[in-house]
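Undergrad: Residue strings, one per chain:
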Amino acid sequence: MNSEDPTQNTPQDDGPQAPAGGPEAPTGGPQAPAEGPRRMTRSRQDRVIGGVCGGLGRYFNTDPIFFRIGAIALAFIGGAGLLLYLAALLLMPSQESGAAAVASSGEGRNRVLVIAGVVVILLFAWPFLLGGGLLAAGLLVPVAILVGAGVLAWWLVSGEGPSGEPKDIARRAALGVGVLILCAVVAFGGAVAAAAGPDWLVAAVVIAAGAAILAGAFLKPVRWLVLPAVALALAAGTVSASGIDLDGGVGEREYRPASTTDLRERYELGMGELVVDLRESDLPSGDVPLELDLGIGEARLLVPDDVCVAATADIGMGHVSFFDRDHGGIDLDFAERPDVEGDSTRVLLDAEIGMGELRVSHDDYRDTSEADFGSRGDGFESSQAGNSACATTGQSASG
Amino acid sequence: MRAAKPDIPALVAGLALLALGGLLLAHSLGVVELSFALVAPVACAATGAILLANGLGRGG
Chain A
1 MNSEDPTQNT PQDDGPQAPA GGPEAPTGGP QAPAEGPRRM TRSRQDRVIG GVCGGLGRYF
61 NTDPIFFRIG AIALAFIGGA GLLLYLAALL LMPSQESGAA AVASSGEGRN RVLVIAGVVV
121 ILLFAWPFLL GGGLLAAGLL VPVAILVGAG VLAWWLVSGE GPSGEPKDIA RRAALGVGVL
181 ILCAVVAFGG AVAAAAGPDW LVAAVVIAAG AAILAGAFLK PVRWLVLPAV ALALAAGTVS
241 ASGIDLDGGV GEREYRPAST TDLRERYELG MGELVVDLRE SDLPSGDVPL ELDLGIGEAR
301 LLVPDDVCVA ATADIGMGHV SFFDRDHGGI DLDFAERPDV EGDSTRVLLD AEIGMGELRV
361 SHDDYRDTSE ADFGSRGDGF ESSQAGNSAC ATTGQSASG
Chain B
1 MRAAKPDIPA LVAGLALLAL GGLLLAHSLG VVELSFALVA PVACAATGAI LLANGLGRGG
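Chains as they are written, first to last, in our numbering: chain A, 1 to 399; chain B, 1 to 60.
Among these hints, one or two may not hold up.
[To be verified] Ranges between beta-carbon positions, derived for each pair:
(1) A:E165 / B:A45: 14 to 22 Å
(2) B:A45 / A:P166: 29 to 37 Å
(3) A:G386 / B:A40: 56 to 64 Å
(4) B:V32 / A:G178: 32 to 40 Å
(5) B:L56 / A:V119: 52 to 60 Å
(6) A:D247 / B:V32: 38 to 46 Å
(7) B:C44 / A:G161: 20 to 28 Å
(8) A:V120 / B:A45: 53 to 61 Å
[Unchecked claim] Computed, partial: chain B to chain A, Cβ under 8 Å:
(9) P6
(10) L18
(11) A53
(12) L56
Just so you know, these hints were derived from the structure itself, not from any lab. Heads up, the beta-carbon is just placed ideally off N, CA and C, and yes, glycines get one too.
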């Protein structure tokens, strides 16, 4: 396949560097084949930037679009396409100057200098080109996904498919992205409402939207309502499945009860960081019940070295770090119910976390991190200490 | 008089949303305990049904 203008293969266009006996050389015509080797020159007629791909297409008797696609693809893979194009731009003479270049006696020396220059540029610029290529690819892929999602969204809303002129596709993609933004706003609002308000409210809205769409199927379709309603339902479903409850407020809470009288049975936070530090607490012998209820965020329980912890945790989506053991996933049910000997203290922890992390340890990892960079140097070892005050361990985790 | 032919994509979307809303309502009433193991397949099935109905009903 060759989409080039056939007139460019005439001797007038190719000039003195027209291939002799090559695929495009006229055979048996009035034009005598030019003497000397077939020369690769930049095309004057078929050019987008510098005529490099057009010249390559003519030289190899191939459609230049293949070289253009290859150059663009290589440009996004480490920037090699840009560098190769630059090298070709420097090394390949243009059609009009080809003959003069051949006649020039200093051409060989200049060509060597150009090649040396390109090699030096390559050696120094390659890391930057690679980073630039990855950066461009990192930007291009999300944009392509966004455009595709926009076209799909607009197709769902309006019924206009992804066909037609590029201008129409761009318009549909833009409108679709607008619809997606609206859906994101609806989803966020629905998630907050499901987490902070009564559960049945969002469910009732979803049912009402479904009923309206169902009725519209027989009367007058209301396609525009489908996507926002689905976004609302999925957001509320995610919140419900996680068990996220924003009751208790938002922010950072840290409790350091000094004695049993200060110790509450339940600590609650909607979203943020919840810390219960019992390391300085005067805890009684026997079992000490403690509940942690967190919607989204991180909950930390810090206990003295001589206190055993028995824990059950229900985490919608997240991670448990229980002394020297870690578990993560969705629908995570963690349980460890060790026994204690004698009249030792055992904290009975019951944690409910919607989305986030539960950490139970003898040392605060924030202090440990500071110690790692400071002069103490023993932070890592102490943070790995297990639930050593217990006599036996009985651990299970699923999810 | 013949009844009007329903719009299939809207019909499927309405039914899928009623199912999702019903599930959420059942959770709020304590009938069903929602988890990701339940929500994820139901949400995928509902979304897939809506997309499928749109594709078949409109043909792009």
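Undergrad: It remains to establish, for every hint, whether it holds in the given structure.
TA: Against the structure, the hints come out as follows:
With their beta carbons about 36 Å apart, E165 (chain A) and A45 (chain B) fall outside the hinted range of 14 to 22 Å. Checked against the hint of 29 to 37 Å, the C-beta distance between A45 (chain B) and P166 (chain A) comes to roughly 35 Å, which is consistent with it. The hinted window of 56 to 64 Å between G386 (chain A) and A40 (chain B) is violated, with their beta carbons roughly 34 Å apart. Take V32 (chain B) and G178 (chain A): their Cβ atoms lie about 35 Å apart, and the range 32 to 40 Å holds.
Between L56 (chain B) and V119 (chain A), the C-beta spacing of about 58 Å keeps the proposed range 52 to 60 Å intact. A C-beta distance of roughly 21 Å is found between D247 (chain A) and V32 (chain B), which places it outside the suggested range of 38 to 46 Å. Between C44 (chain B) and G161 (chain A) the CB atoms are about 23 Å apart, so this pair conforms to the stated range of 20 to 28 Å. In this structure the hint that V120 (chain A) and A45 (chain B) lie 53 to 61 Å apart at CB holds, the actual value being about 59 Å.
At its closest, the beta carbon of P6 (chain B) sits 5 Å from a beta carbon of chain A; the interface hint therefore holds under the 8 Å criterion. Because the closest C-beta pair between L18 (chain B) and chain A is about 4 Å apart, less than 8 Å, the hint holds. At about 10 Å, the closest approach between the beta carbon of A53 (chain B) and any beta carbon in chain A exceeds 8 Å, and the interface hint on this residue is violated. Among the interface hints, the one on L56 (chain B) is violated; its C-beta lies about 13 Å from the nearest C-beta in chain A, farther than the 8 Å criterion.
In summary, the numbered hints that this structure violates are 1, 3, 6, 11, 12.
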